[in-house]
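Student: Which chain is which? The protein sequence lines are S and P, in order.
Just so you know, we're using our numbering here: the first sequence kicks off at 2 and counts up by one.
Just so you know, we're using our numbering here: the second sequence kicks off at 24 and counts up by one.
Bear in mind the hints are in silico, worked out from the structure with no lab data behind them.
Glycine included, C-beta positions come from ideal geometry on N, C-alpha and C.
If the Cβ cut is set under 7 Å, some of the chain S residues that face chain P in the computed set are:
hint	residue
1	28
2	29
3	58
4	59
5	62
6	63
7	65
8	67
9	76
10	79
11	223
12	279
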Amino acid sequence: MKNKNIDLTVNLGTLKLINPLITASGTCGYADELDDFMDINQLGGFITKSITLNPRLGNDVPRIVETDSGMLNAIGLANIGVEKFVQEKVPLMERYKTPFFVNIAGQTIDEYVAVAEKLAQCKRLAGLELNISCPNVKKGGITFGTDPALVRQITGEVKKVVNDKLLIVKLTPNVTDISEIARAAVDSGADILSLINTFTAMVIDIETKKPVLANRTGGLSGPAIKPIAVYLVNKVYNEVAKSAGVPLVAGGGVRNASDAIEFIIAGAAAVTIGTGSFVNPDCAVKIIDGIEKYCLRHNITAVAELIGCLK
Amino acid sequence: MTTLPSKKGIFTASVLQNRGMGAQFFRLSLELEKRANAFFCAASAGQFVEIDVSQLALPVEKLIPENLADSSQRNILLRRPFSFADIDSSNDCTIIEILYCVLGPATLRMKTLKTGDTVNLIGPLGNGFTIPEEKKSAILVAGGMGAPPLIHLAKVLKKQHQDIEITAFVGAKTKNDLAFFDIKTDKLKKKPDITLHQFAKHNIKTFISTDDGSAGFKGFVTEMLKNRLGENKPAGAETIIYACGPEAMLSATAALSGEFKIPCQVSLERLMACGIGLCQSCAVKCKDKNGGDVYKLCCKDGPVFWADEVIWE
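So here's chain S without its partners, still in its complex pose (with noise of 0.2 Å):
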């Protein structure tokens, strides 16, 4: 049940969203995937899985292994190509109010603007979300995540083709100073950032003495890497975000409301929700009613009035 009196929206860049949650890109699919689990109109906002410029296979399997609260997937960005998704997944975001942001990626900086340019053209976009911290690639992802220069590149290049559509920069938290990544995708155009990708892991099975991914890497994502998530995104408002005007799109292990609030008070505009819908799919719906509690028992008239509000 809805109270009237509680401002759920937040503000990212130019886009208004009836309350703070996002689906994570890569745990939520292309687009009806949950419709059997929630009414996705009652999301803030979606962000599909990975798209590239053609269709990828992704790894070999085992392509996940559980971890104590937590998990590793090496799935290789495993998707159906721009084009197909561009024809088949886009038309069935029709269905809904909701905005929808698509995560790119690429091998090279050339695919990325390629990718991009085809999905400027898509009315229904509210933009576009970069990936530059995959963990489980070869080529690309991550290699343009850590390099402030390459992220520099790699964001003025995209940002001069997306139009009018927003463009997030999603950072990998496998690096020495995140705010340093944070800073020059600011610089070179970013609209929001988004925080944060998996950090890379291994598990090993002693029996055989073998990584237990056939990728031998996998980044590691729930409720096991929480905390850390907490304070990067708690670093970059502080040293980045804030002073720039630049809304954050934050998760990293949200499984309930409490999760959630933990990250907009770090600075969170939007808080994501990835592995906690493979556990339960209905989660992020669950968690906006949790926040709406939160705010009754606080006295808090707008959700936004607790963005950065860390004491």
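Guided by the hints, dock chain P onto chain S, whose structure is given.
Tutor: For chain P alone, kept in the frame of chain S given last:
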């Protein structure tokens, strides 16, 4: 031919019974909340549910087997997939039976479930076995923990085709690994008499194999199957093979299906995070229409595949 995926949902279920069958095997009966009836009444054999076991308690320390002592300390995050060994669903009530073996930290927790406890599950998931009208005989091939969905399938086959002749081939490493079987030693024959009453009650002739020869044929279940197919040469148009078990066994069964030209469906197993097509982790390499490779998802496109669409590695 493939059954359309039914609508899926998240439900609570209460435990009717969680009974041990020997040291490692358990039979869990769950009654689903009423809202689930509409979802499960059309569920087919081979489909599965994802159970949230993260909140379940561990057994007391002295009841934790030594080989699971370390892994039992791990917090569980992801749901675990289980196919049903039986499902009884009507407008009034849905009861599902899950047969499981204590193999890791999740099933170790399941062992502590008691009558009246509740669990949360997602289902029904995936695509089940196809039951073609024209078949006169069905061959079930189960390896290791592969029996449960075939037990369900046997019941459905008999219900839909009273005249269908079903033969089961069941293999395990040793006699003690023959899941869910009633083992009685006949003193006169000095050989264990092994039956699976769920198969026996449908008059299904069951052939047993063990890798070490401790029961039945000594060798792999697929070797036993090959011998049998060689002797009987069943007609491919009238016969279908259904298999569930370890990947190597399924691969060997698929090869026999090709050799003897008998259509075959296999139920595959993969590590999966979500079970509903979100995470893309349960990839199965298949042939696409143009002869190339394509990854299908075990959770959404499977877990049942035609043996000849899978690329066996």
